[in-house]
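A.B. asks: Protein sequence lines correspond, in order, to chains A and B. For the first sequence, position 50 (counting from the first letter as 1) is numbered 49 according to numbering that gives the first Met the number 0, and the numbering increases by one without interruption. For the second sequence, position 514 (counting from the first letter as 1) is numbered 513 according to numbering that gives the first Met the number 0, and the numbering increases by one without interruption.
Hints listed in this document are in silico derivations from the structure and should not be mistaken for laboratory results. Glycine is no exception: its CB is placed at the ideal position from the N, C-alpha and C atoms. Keep in mind that the hints are not guaranteed to be accurate.
In the DSSO-like style, the derived pairs of lysine-lysine whose C-alpha atoms are separated by at most 27 Å in a straight line are [to be verified]:
#1 B:Lys156 x B:Lys142
#2 B:Lys357 x B:Lys67
#3 B:Lys501 x A:Lys116
#4 A:Lys13 x B:Lys307
#5 A:Lys16 x B:Lys307
#6 B:Lys534 x B:Lys501
#7 A:Lys16 x B:Lys534
#8 A:Lys150 x B:Lys357
#9 B:Lys101 x B:Lys114
#10 A:Lys116 x B:Lys534
#11 B:Lys307 x B:Lys534
#12 B:Lys501 x A:Lys92
#13 A:Lys122 x B:Lys501
#14 B:Lys114 x B:Lys415
#15 A:Lys192 x A:Lys150
To spell it out: a stretch of chain A is covered by chain B in this simulated footprint if at least three of its residues, at any positions, have a beta carbon under 8 Å from a beta carbon of chain B; those stretches are [unchecked claim]:
#16 2-14
#17 90-103
#18 107-116
#19 136-150
#20 154-165
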Amino acid sequence: MTITIDGKRCTCEKGEKLLAVARRNWIPIPTLCHHESLPGQASCRVCLVEVVQQGRSSVVASCVYPVEDGIEVYTNSDRVRAERGMVLALLRKRAPDSQLIADMCRLYDAPDLDRVKVSVPGKCILCGLCVRACTELSVGAISTVNRGVTKEIATPYHEPSAVCVGCGSCASVCPTGAIEIVETADTRTIWDKTFRLVRCARCGEPIGTEEELAHAARKGGTEPDTLCERCRRRSMTDVLAATYGDRE
Amino acid sequence: MNRTILVCCGTGCLANGSKGVADEFQRLIDQRGTDARVKCYVKRTGCNGFCENGPIVKVMPDDIIYYKVREKDVAEILDKTVEKGETVDRLLYRDDQGRPVKHQHENPFYAPQHKTALRNIGAIDPTRVEDYIAAGGYEALKKALAMTPAEIIEQVKRSGLRGRGGAGFPTWRKWQTAAEQEATPKYVACNGDEGDPGAFMDRSVLEGDPHTVLEGLAICALAIGAEEGFLYIRDEYGLAVRNVTTAIADAERHGILGDDVLGSGRRLKLSVVRGGGAFVCGEETALIASIEGSCGEPRPRPPFPAVKGLFGQPTVLNNVETLANIPVILKDGGDAFAAVGTEGSKGTKVFALVGKVKRTGLVEIPMGATLRHLIYDIGGGIQNDRPFKAVQTGGPSGGCIPAHMLDLPVDFDTLKSHGAMMGSGGMIVMDDRSCMVEVARYYINFLAEESCGKCTPCREGLRKMLEILTDICEGRGQEGDIQLLEQLGHTLQDSCLCALGKTAPNPVLTTIQYFRDEYEAHIREHRCPAGVCVKLTAFRIDADRCRGCTACARACPTGAITGAVKQPHVIDSSKCISCGSCREACRFDAVETEGRDAV
Chain A
0 MTITIDGKRC
10 TCEKGEKLLA
20 VARRNWIPIP
30 TLCHHESLPG
40 QASCRVCLVE
50 VVQQGRSSVV
60 ASCVYPVEDG
70 IEVYTNSDRV
80 RAERGMVLAL
90 LRKRAPDSQL
100 IADMCRLYDA
110 PDLDRVKVSV
120 PGKCILCGLC
130 VRACTELSVG
140 AISTVNRGVT
150 KEIATPYHEP
160 SAVCVGCGSC
170 ASVCPTGAIE
180 IVETADTRTI
190 WDKTFRLVRC
200 ARCGEPIGTE
210 EELAHAARKG
220 GTEPDTLCER
230 CRRRSMTDVL
240 AATYGDRE
Chain B
0 MNRTILVCCG
10 TGCLANGSKG
20 VADEFQRLID
30 QRGTDARVKC
40 YVKRTGCNGF
50 CENGPIVKVM
60 PDDIIYYKVR
70 EKDVAEILDK
80 TVEKGETVDR
90 LLYRDDQGRP
100 VKHQHENPFY
110 APQHKTALRN
120 IGAIDPTRVE
130 DYIAAGGYEA
140 LKKALAMTPA
150 EIIEQVKRSG
160 LRGRGGAGFP
170 TWRKWQTAAE
180 QEATPKYVAC
190 NGDEGDPGAF
200 MDRSVLEGDP
210 HTVLEGLAIC
220 ALAIGAEEGF
230 LYIRDEYGLA
240 VRNVTTAIAD
250 AERHGILGDD
260 VLGSGRRLKL
270 SVVRGGGAFV
280 CGEETALIAS
290 IEGSCGEPRP
300 RPPFPAVKGL
310 FGQPTVLNNV
320 ETLANIPVIL
330 KDGGDAFAAV
340 GTEGSKGTKV
350 FALVGKVKRT
360 GLVEIPMGAT
370 LRHLIYDIGG
380 GIQNDRPFKA
390 VQTGGPSGGC
400 IPAHMLDLPV
410 DFDTLKSHGA
420 MMGSGGMIVM
430 DDRSCMVEVA
440 RYYINFLAEE
450 SCGKCTPCRE
460 GLRKMLEILT
470 DICEGRGQEG
480 DIQLLEQLGH
490 TLQDSCLCAL
500 GKTAPNPVLT
510 TIQYFRDEYE
520 AHIREHRCPA
530 GVCVKLTAFR
540 IDADRCRGCT
550 ACARACPTGA
560 ITGAVKQPHV
570 IDSSKCISCG
580 SCREACRFDA
590 VETEGRDAV
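Please build the complete structure, drawing on both the sequences and the hints.
C.D. replies: Okay, structure coming up:
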């Protein structure tokens with residue numbers, strides 16, 4: 000089927016999400032909580048676009064909106080600019096220390112909202128991607144706590160989590176870099192818990208925390224890794240060379 | 000002649016001591032035993048809706064209704080009414096002219112009502128399935144079992160029934176969509192997570208007539224092909240949870256539900272899920288997440304629950320009151336149901352009429368009645384005959400409708416086009432001593448706490464709206480605040496994930512639309528015209544009007560009022576905390592308010 004985005008005709012299939020169609024056609028739509036591997040979050044509302052269908056116009060979140068034949072989409076109409084700008088302005092009050100949010104506010108002409116106070120210091124926009132990542136990829140060590148204006152992301156009772164393996168998935172999906180990881184020569188500290196780093200048996204590069212490797216091995220039904228990615232490949236190559244290899 | 004005594008045992012009357020009254024009736028009847036000239040039964044019923052006058056006792060078949068009955072009155076009712084058919088005048092309701100009212104249908108509160116969803120409540124014992132069956136219950140289910148799903152949906156379509164939970168979505172369309180889905184299993188669910196402050200019609204139906212909800216759900220299950228269903232009831236509704244649980248067990252024991260529905264070979268398993276008290280769980284996708292055991296947060300729609308709902312399967316989720324109408328539609332036909340109401344809103348609606356009206360309670364009237372009819376004819380007008388100011392319809396997500404719109408017909412579309420909404424049917428009536436800015440602040444505060452916090456505009460936008468409204472109420476309002484509130488409001492309407500956020504700005508936007516001058520008085524003159532906002536209001540006693548009755552001085556919690564009996568009283572402004580107790584207590588309108596700056 001065919002839809003138009005900002006006047007451009009785009010072909011797409013039933014069930015596809017509007018954001019995916021737009022990006023395939025090089026039409027930029029800003030996002031924060033959208034992650035290819037963890038779709039459907041739809042919480043930041045930065046990807047708002049205007050959809051006109053049978054003469055009726057509505058504002059939707061493009062990351063979760065399934066396309067329908069014949070819709071006209073506007074990614075930069077007055078209405079979209081106003082609502083997206085306000086959403087970004089609200090996020091700046093929520094995450095005043097985030098450079099990314101500040102940059103987006105400038106780029107998308109967000110109002111300054113000087114009239115109201117900063118809500119909380121920091122960089123977290125509470126999009127919840129970290130919780131999704133932790134739950135779906137790993138162990139569920141963090142979750143959203145409370146609701147409404149007192150909502151936050153935390154480990155249970157704000158204590159170091161018993162189940163966190165220190166894999167850092169949460170930090171890697173965070174769009175604003177709000178989750179702090181501190182690494183020393185042999186430790187990694189995240190969510191107030193310090194883990195021992197395991198080093199590659201061959202090259203000595205850190206390959207992860209003990210708990211993280213054990214967790215991955217448990218899930219995969221194997222022994223924990225002792226080599227880094229590169230050395231593991233190299234050791235495979237050595238075995239192959241020894242078996243079939245060039246004997247000079 | 001045998002007589003039945005119906006003792007209201009809804010939550011309101013129970014709180015007023017109706018259990019003791021019912022027990023006392025039983026004790027005295029047992030004591031009199033077989034010697035009694037008149038055989039007499041006590042029946043404990045659901046809520047009659049006129050809770051402020053409880054405990055309510057009806058004597059049938061005489062149809063004599065008593066209010067505020069105490070245990071000490073029981074013997075007299077037995078002696079006079081049960082034995083001799085005489086009335087106990089002091090327990091009768093007095094109408095606006097002070098005349099005693101003997102029968103329920105003559106009471107000005109009940110007379111204009113048209114009971115459909117509430118038809119059995121107050122007349123049957125909700126814990127006895129036999130009572131429901133004797134009142135014609137489960138006839139509709141029998142009829143539905145002989146119909147095809149398409150025929151059932153056709154009747155619901157003809158009835159024009161729209162969802163009573165708030166949005167007013169056509170019920171048949173949900174059913175049709177779910178029926179068309181090929182995926183199985185399918186589910187039916189009942190939304191009993193009534194959370195609007197002041198609304199209690201769903202609780203009343205679940206408590207007082209649980210079988211009608213089960214029957215409605217069972218008919219829905221037949222129409223869409225579901226074999227399992229859930230009733231999501233907020234846990235604060237203890238009696239509702241208990242009565243529904245009893246009703247399910249009874250219905251299963253009688254072969255009405257379970258593995259062989261009324262001998263048809265169809266299966267329907269219903270169970271109760273107790274809600275954890277989050278307002279947002281009344282939103283259908285959040286409710287579904289909650290039943291699944293997840294955090295009660297809404298999910299993006301589409302897909303709609305009728306396509307992909309509970310456990311990813313097609314699910315029809317209907318409100319309690321919607322389901323209570325279904326058996327009537329099936330029994331009498333969709334056309335008969337559609338004969339009542341307006342073009343776009345068919346049937347009746349139950350309203351929880353509360354606030355500053357003389358008669359408060361549950362009122363079921365045909366759609367399209369005017370607000371004036373509801374507030375003045377049924378509600379009896381404003382307390383102490385003060386001027387009407389506004390009515391908040393539809394709970395915290397609804398809007399405030401001002402006095403010049405009192406003749407608006409109440410139906411889904413009219414209210415929506417005026418910035419308010421039907422919502423669950425809450426009607427909070429306000430008089431001239433209500434500050435509309437404070438009302439808006441109150442609702443935004445409620446919603447900011449009850450927002451799930453998932454999406455940015457709802458969580459952060461409500462927080463900022465609350466901050467600005469609090470500033471205005473406390474004298475820190477600034478020029479431009481009204482425009483900023485409007486901008487934030489429009490962003491929320493457009494960009495929030497679920498209906499809670501999209502409708503949350505309604506109280507602010509409607510109060511700005513209809514009471515802009517009050518906002519301006521707060522911001523520009525630092526004055527609260529209604530004399531409510533503590534930081535902007537000073538109280539003063541008009542010496543000419545004060546009769547020196549001392550009522551204000553006795554009501555004052557800080558001892559700020561002095562004066563001799565029969566002499567004008569004076570408020571010491573250094574001790575006054577502007578709570579307004581003196582103004583409430585004064586019967587001579589002598590307590591006046593003025594702006595703080597004037598002090």
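A.B. asks: Decide, hint by hint, whether the structure agrees.
C.D. replies: Consistency of the hints with the structure:
1. B:Lys156 x B:Lys142: With a Cα-Cα distance of about 17 Å, the restraint between Lys156 of chain B and Lys142 of chain B holds, given a limit of 27 Å.
2. B:Lys357 x B:Lys67: 16 Å, holds
3. B:Lys501 x A:Lys116: Given that 27 Å is the threshold and the Cα spacing comes to 23 Å, the pair holds.
4. A:Lys13 x B:Lys307: 16 Å, holds
5. A:Lys16 x B:Lys307: The given pair, whose Cα atoms are some 17 Å apart, holds under the 27 Å limit.
6. B:Lys534 x B:Lys501: 31 Å, violated
7. A:Lys16 x B:Lys534: 51 Å, violated
8. A:Lys150 x B:Lys357: 41 Å, violated
9. B:Lys101 x B:Lys114: Holds, at about 20 Å.
10. A:Lys116 x B:Lys534: Cα-Cα ~21 Å, so holds.
11. B:Lys307 x B:Lys534: Violated: Lys307 of chain B and Lys534 of chain B sit about 51 Å apart, past 27 Å.
12. B:Lys501 x A:Lys92: 21 Å, holds
13. A:Lys122 x B:Lys501: Holds - the C-alpha atoms of Lys501 of chain B and Lys122 of chain A are around 26 Å apart, at most 27 Å.
14. B:Lys114 x B:Lys415: Between Lys114 of chain B and Lys415 of chain B the Cα gap is close to 24 Å, so the pair holds against 27 Å.
15. A:Lys192 x A:Lys150: 22 Å, holds
16. 2-14: Per the Cβ count (0), the hint is violated.
17. 90-103: holds (count 3)
18. 107-116: n = 5 at 8 Å, threshold three: holds.
19. 136-150: Per the Cβ count (8), the hint holds.
20. 154-165: violated (count 0)
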